[in-house]
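Asks: Chains G and X, in that order, give the protein sequences.
Note that the numbering used here has the first sequence beginning at 1, numbered continuously upward.
Note that the numbering used here has the second sequence beginning at 1, numbered continuously upward.
There may be inaccurate statements among the hints.
To be verified - Pulled from the structure, derived: some chain G residues nowhere near chain X, Cβ distances all over 12 Å:
#1 3
#2 10
#3 46
#4 64
#5 72
#6 78
#7 91
#8 94
#9 116
#10 149
#11 151
#12 153
#13 166
#14 185
#15 209
#16 221
What the hints assert, rightly or not - Cross-link-like lysine-lysine pairs, in silico, BS3-like; alpha carbons within 25 Å at most:
#17 G/8 with X/148
#18 G/151 with X/131
#19 X/148 with X/51
#20 G/7 with X/148
To be verified - These stretches of chain X come out as covered by chain G in the derived footprint (C-beta under 8 Å, 3 or more residues):
#21 105-113
#22 128-138
No lab work stands behind these hints: they were computed from the structure.
In this text, a Cβ means the ideal position worked out from N, Cα and C, and glycines have one as well.
Below, each chain spelled out in residue letters.
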Amino acid sequence: MTVYDVKKEDIARVSVKNKRNAVGHPCAQLADPNITVEDVLNSEIMAWPVQRLDISPPSDGAAALIYCSEDIVRQYTDDPVWVDGVGWNIDSTMWTNRDLYFPRYVSEAAKMAYKMAGIHNPRKEIDFAEPYDPFDYKELHHMEGLLLCDKGQAPILTREGVTQRDGDLPICPSGGLLGVGNPIAATMGQKACELYWQLSGKAGKRQIPGDPMVGVGQAWGDIMQMATVICMRRG
Amino acid sequence: MEKSNKKEITYPKNPAGTHLRSSDIRNKVITHSWWEPEIQYAWSIGPAMSKFLHGLKEGKILGIHCHKCKRLITPPRSFCEYCYGPTDTWVELKDTGTINTYSISYLDPNANRIEDPILIGVISIDGAYPKPMGFMHYFGEMSKDEIKIGMRVKAVWKPENEREGAITDIKYFKPYGGD
Numbered sequence: 001m002t003v004y005d006v007k008k009e010d011i012a013r014v015s016v017k018n019k020r021n022a023v024g025h026p027c028a029q030l031a032d033p034n035i036t037v038e039d040v041l042n043s044e045i046m047a048w049p050v051q052r053l054d055i056s057p058p059s060d061g062a063a064a065l066i067y068c069s070e071d072i073v074r075q076y077t078d079d080p081v082w083v084d085g086v087g088w089n090i091d092s093t094m095w096t097n098r099d100l101y102f103p104r105y106v107s108e109a110a111k112m113a114y115k116m117a118g119i120h121n122p123r124k125e126i127d128f129a130e131p132y133d134p135f136d137y138k139e140l141h142h143m144e145g146l147l148l149c150d151k152g153q154a155p156i157l158t159r160e161g162v163t164q165r166d167g168d169l170p171i172c173p174s175g176g177l178l179g180v181g182n183p184i185a186a187t188m189g190q191k192a193c194e195l196y197w198q199l200s201g202k203a204g205k206r207q208i209p210g211d212p213m214v215g216v217g218q219a220w221g222d223i224m225q226m227a228t229v230i231c232m233r234r235g
Numbered sequence: 001m002e003k004s005n006k007k008e009i010t011y012p013k014n015p016a017g018t019h020l021r022s023s024d025i026r027n028k029v030i031t032h033s034w035w036e037p038e039i040q041y042a043w044s045i046g047p048a049m050s051k052f053l054h055g056l057k058e059g060k061i062l063g064i065h066c067h068k069c070k071r072l073i074t075p076p077r078s079f080c081e082y083c084y085g086p087t088d089t090w091v092e093l094k095d096t097g098t099i100n101t102y103s104i105s106y107l108d109p110n111a112n113r114i115e116d117p118i119l120i121g122v123i124s125i126d127g128a129y130p131k132p133m134g135f136m137h138y139f140g141e142m143s144k145d146e147i148k149i150g151m152r153v154k155a156v157w158k159p160e161n162e163r164e165g166a167i168t169d170i171k172y173f174k175p176y177g178g179d
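The shape of chain G in the complex, shown without the other chains:
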């Protein structure tokens, strides 16, 4: 907020977007079609600048995906979704010795996954993303870590509606952890499931228009220190 003059209102927009996106998700705990930025800004202050509606709930949940060898996948489905790249990275546990603005471990994990997936220009080649959003501001951090925009730009893209489901770069079309719930340690599965549903055209009410071809998902963990990234592509 200090380094890039990020406004609380723009951070709150992430929570509003995700809780609205979650409407129609069968597992959603906190979907709300009528939530407003004012609701978030007026919610109980927990640890300033973080308020109640900036936070996802710890949830119980599980996610599962069926992986299949490309040799036999056609026995099971005509429209598989391919895992093109995975990446992971872990930074120092000493988080008080690090730049707390830019999540370098996310960018390193993303570069690893993009290299494997043959993605050279993530901003042009990726159609939508499911970054880890346990708090609304972390979605913004993680968008920048995934190299989907310049530092300080994620709040502006959110304000301009670019990250809405019908925007140019939909972010968390599932409703994310803020809207669906945060099943801690199962979240990457949750993100990967949404990539599958969106890329196979099975996301129902949550479907991104325009047949997205490539999606990226990401999870975050430990002491603000670890990231995993997955790139998936429509078959």
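For this one, chain G is given, so just place chain X on it according to the hints.
Replies: Same frame as chain G, but now just chain X:
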């Protein structure tokens, strides 16, 4: 037309599952058992952190160099996590610094709601580098309206006879006008 040789896969129609409510446990609708663990543990903090805590007992904040990465690290450790080389040359740092980030917490350490917020954050300790380099602590002698990023602060120590070799040997950091 070739006959399809697709295998049948079934999947649950209700991925949300069945809700489990705390009343189900209270009313013994579900089978459950209750266990309260009583766990005690000891943690060896290693030579570098031990020396750091001994330093706090003497009213000193210590740092250590990684000459290869040109870092003066605090809290100190016996190896640099970036080059994995050993650190050496201990330095006594000043007990002053700059607020790198902070929070005004209306939750106590047990997540109970509190009226009077706790001021907490990360201090970049003077002399340590590259910035930000420091540790987390409480702030005091300032109000929630006065605290800001970039504010100069100085450690307020416990009296010598009350220090026990812990990070809490510093009570908090207060505003600091001097250089």
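Asks: Checking against the hints above, which ones are violated?
Replies: 1, 3, 4, 5, 6, 7, 8, 19
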